[in-house]
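A.B. asks: Protein chains in written order, with the numbering used here: chain A, 711 to 1037; chain B, 17 to 456.
Read the hints as simulated data drawn from the structure, not as lab findings. Remember, it's a predicted structure, so these values are computed and weren't measured experimentally. There may be inaccurate statements among the hints.
Stated by the list, open to error - With a Cα cut of at most 25 Å, we get these calculated BS3-like pairs of lysine-lysine:
hint	chain 1	residue 1	chain 2	residue 2
1	B	Lys413	A	Lys981
2	B	Lys409	A	Lys922
3	A	Lys776	B	Lys409
4	B	Lys435	A	Lys922
5	A	Lys1029	B	Lys409
6	A	Lys921	B	Lys435
As the list claims (entries may be wrong) - Which residues of chain A face chain B? A few of them, derived with a C-beta cut under 7 Å, are:
hint	residue
7	Ser721
8	Tyr973
9	Ala1026
10	Gly1031
11	Glu1032
Unchecked claim - Label-pair ranges, simulated between beta-carbon atoms:
hint	chain 1	residue 1	chain 2	residue 2	range
12	A	Arg780	B	Gly270	40 to 50 Å
13	A	Arg780	B	Val67	54 to 64 Å
14	A	Asp867	B	Lys29	16 to 26 Å
15	B	Lys29	A	Ile765	31 to 41 Å
Beta carbons are placed, not taken as given, at the ideal position from N, Cα and C, and that holds for glycine.
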Amino acid sequence: MINNRLVVSSSPHVRSDETISSIMFDVVLALCPALIAGAYYFGIRALLVTAVSVISCVAAEYIWQKLTKRSVTINDWSAVVTGILLAFNLPVTIPLWMPVIGGFFAIIVVKQFFGGLGQNFMNPALAARAFMLASWPVDMTRWVEPFTKLPLGNTADVVSTATPLAIIKGTEAVGQVSVSYLDLFMGNIGGCIGETSVIMLLLGGLYLIYKKVISWRIPVTFIATVAVFTFVFGKDGLFTGDPLYHILSGGLILGAFFMATDYASSPVTPKGQIIMGIGCGLITSIIRLYGGYPEGVSYSILIMNVATPLIDRYTAPVKFGEVKSRA
Amino acid sequence: MKILTFKGGIHPKYNKHLTEKIPITDLKAPEKLIFPLQQHIGAPCEPLVAVGDEVKLGQKIADSKAYVSAPIHASVSGKVVAIEPYLAPNGTKVMSIIVQNDGQDTVHESVVPKGDIASLTPQKIIEIVREAGIVGMGGAGFPTHVKLSPPPDKKIEYVIVNGAECEPYLTSDHRVMLESPEEIIYGLKAMMKVFGLNKGYIGIEDNKMDAIQKLKEYADKEKGIEIVVLKTKYPQGAEKQLIKVITGREVPSGGLPADVGAIVNNVDTCVSIARAIKTGMPLIRRIVTVSGSAVRNPANYAVRIGTPFKVLFEQSGGFVEEPAKIVMGGPMMGIAQFSLDVPVVKGTSGLLAFTAKEVELQPEKPCIRCGKCVEACPMNLLPVYMSAYAGNKDLEKAEAYNCADCVECGSCSYVCPSKRHLVQYIREAKQLILAQRKAK
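This is chain A alone, in the form it adopts within the complex (with noise of 0.2 Å):
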């Protein structure tokens, strides 16, 4: 009745459906309402951006892979997720060679060098875009008004604005008023390509909670501490700040729920994601508050992203019969 052999393996005999490609697909389409958000308002060289660096940081997988005679792992999508993630931590004026060099960055000396897909001990576009941050300073922080026409070339002549954090920072463009919640909620303002719309980040953030790709912990931790540090240590002195301008402007929601969240580099014991939203919070709330940037959302994660092995050994959870024998 039986001809062939029959498969002989360990249990369990079924698994889910949910596979590396399943979750970094959800990953991008979390993204996409940010991504159409962005190309709404900075208009269709956002788009251009993106594509580049989704394109470069492709290639540099697939170029890498060839060269150390690795299989070859593009089609999980997750050089996809960097690529998007690293253009929407760019502005959207950025000339077009720069994305290149950092999507092969991230991608070859942040993911592979450390070993690849699940080794990276940082997360691979904010490394990437300190990276750049530090070579180009300039054009890094050319941004535009929303709805200002670009030409798809050189962007060298553009007027620039400041971001809504440099404002109430006061570090530059002094004079400026600062912007509404409304805008700021949805993305009407300046600052990079996929960090401005509050809504549309929102929208993918929670996809990716529903879909149990990402659990609360971070993304909840993260934001409730920047909320409670900003309000606590206001300008005009204890509890005077003003904790929503803090939430809906810069890069919160996009690092807390897309970038903090990054599994390689992030703990996975339930109290260790909780230590990582917190500290990724209060270092963004000092960072902001009394730093030399106005913006730490990246370096947050970043420095967090380094405690997380010390993290996840010492918040194991208490295992199941961790108590004494009832004697």
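Position chain B relative to chain A; hints supplied.
C.D. replies: For chain B alone, kept in the frame of chain A given last:
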């Protein structure tokens, strides 16, 4: 209605609809039956019969002097034709008694009613259970009389009947609950008598509402029997999770249920106890679900112990397509088989045949540290790290990450998007660690 549950766990596709509405049918005993001399945890039995001997239905044909063991009985009448090593469900050859069925079902003289619960002493009940060869029928096969005789310093306060049946596909316990509620309650009452308790519990998952209703009906006629409704989630039927949900107590790491004053028995075990007392018939049959996508007519059968697997599949109309994998037990913790000559043993709760599409082995991808295994682990462990150290054969670290506490439910492997064989690595390390501890 209060529905209880535990932390962690998974929601696999249950596929119980294939057989849950199909009443149990008696499977005709085959020409030849095979009785492995070890169908339980503990010492193997020695044959009490020789080649050429006539045996009768219910006759004890093998036993052991060891305490942790259980005798084996002929499930038909006929003639012993061989005593030789034969392929058993665990993939090894086990010394087995092979009986040619004479088709007469001549009952052995020892099979007589043993009395009723009220008149039997606890000691006598334990003896009946032992003599009937009853072992845990949920799959593990731990001798029931040993469970019923905990050390004197462990006072049992909770007798729990496990009707959770959390494994996908399996419906044998479900059907038993619908078709033999009286016997389940009788078996439970016998165990309550052993421990002098006036309260007993039956835990059932809420995807079996008809069984819950049915048992409630019968439990209401008795005193002190509580039906506990459990949320449908794998592995709710795992002993430690079931005890925690019902008693609120956690079996300590490395301990036994008796350490928290509980014992757990499967529903079919209760039926076997009831029959051993009421009719004197030892454990010679069990309920087996035959299912899976490759099976033409999935069904639930009452099967004589010793029936080769192929007889069950033949009864189910064979295969719709060539099966790629045959599993004894459920798909989460069952054992893959490479031959259909293997016989049904006391712990065979199901036989599943899967098509190639369903059990396609996907290549292992690198761990992406998504942490889904951490969320799924019902023991609150960190499979992501355990399996990494276990895979590297770093036993010291594997032990530090509590590999020895793993219950091998497979939830981590199930959820892993990288399709890593987490529980397989952990299981290997666990066995090595336990062996090391024993050696010390």
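A.B. asks: For each hint, tell me whether it holds in the structure or not.
C.D. replies: Hints, one by one, checked against the model:
For the hint linking Lys413(B) to Lys981(A), the alpha-carbon distance of about 21 Å falls within 25 Å, and the restraint holds. Restraint check for Lys409(B) and Lys922(A): not satisfied, since their Cα atoms lie roughly 32 Å apart, outside the 25 Å limit. Among the hinted pairs, Lys776(A) with Lys409(B) is inconsistent with the structure: their alpha-carbon atoms are about 31 Å apart, more than 25 Å. Restraint check for Lys435(B) and Lys922(A): satisfied, since their Cα atoms lie roughly 17 Å apart, inside the 25 Å limit.
The suggested pairing of Lys1029(A) with Lys409(B) holds, with an alpha-carbon distance near 22 Å, which does not exceed 25 Å. Note on Lys921(A) and Lys435(B): the hinted pairing holds, with a Cα-Cα distance of about 19 Å set against a maximum of 25 Å. Taking 7 Å as the C-beta contact cut-off toward chain B, the hint placing Ser721(A) at the interface holds, the least distance being around 5 Å. A cut of 7 Å between beta carbons decides the hint on Tyr973(A): the least distance to chain B is about 5 Å, and the hint holds.
Annotation: Ala1026(A) was flagged as interfacial toward chain B, and the flag holds, the nearest CB pair being 6 Å apart, inside 7 Å. Interface hint at Gly1031(A): satisfied, since its Cβ lies 4 Å from the closest Cβ of chain B, which is below the 7 Å cut-off. The criterion of a C-beta within 7 Å of any C-beta in chain B is met by Glu1032(A), whose closest approach is roughly 6 Å, and the hint holds. Checking the proposed 40 to 50 Å range against Arg780(A) and Gly270(B) shows it holds: the Cβ atoms sit about 42 Å from each other.
In this structure, Arg780(A) and Val67(B) meet the distance hint of 54 to 64 Å, their C-beta atoms being roughly 60 Å apart. Between Asp867(A) and Lys29(B), the C-beta spacing of about 60 Å breaks the proposed range 16 to 26 Å. Against the hinted window of 31 to 41 Å, the Cβ-Cβ separation of Lys29(B) and Ile765(A) comes to about 38 Å, which satisfies the hint.
When held up to the earlier numbered hints, the structure conflicts with 2, 3 and 14 and fits the remainder.
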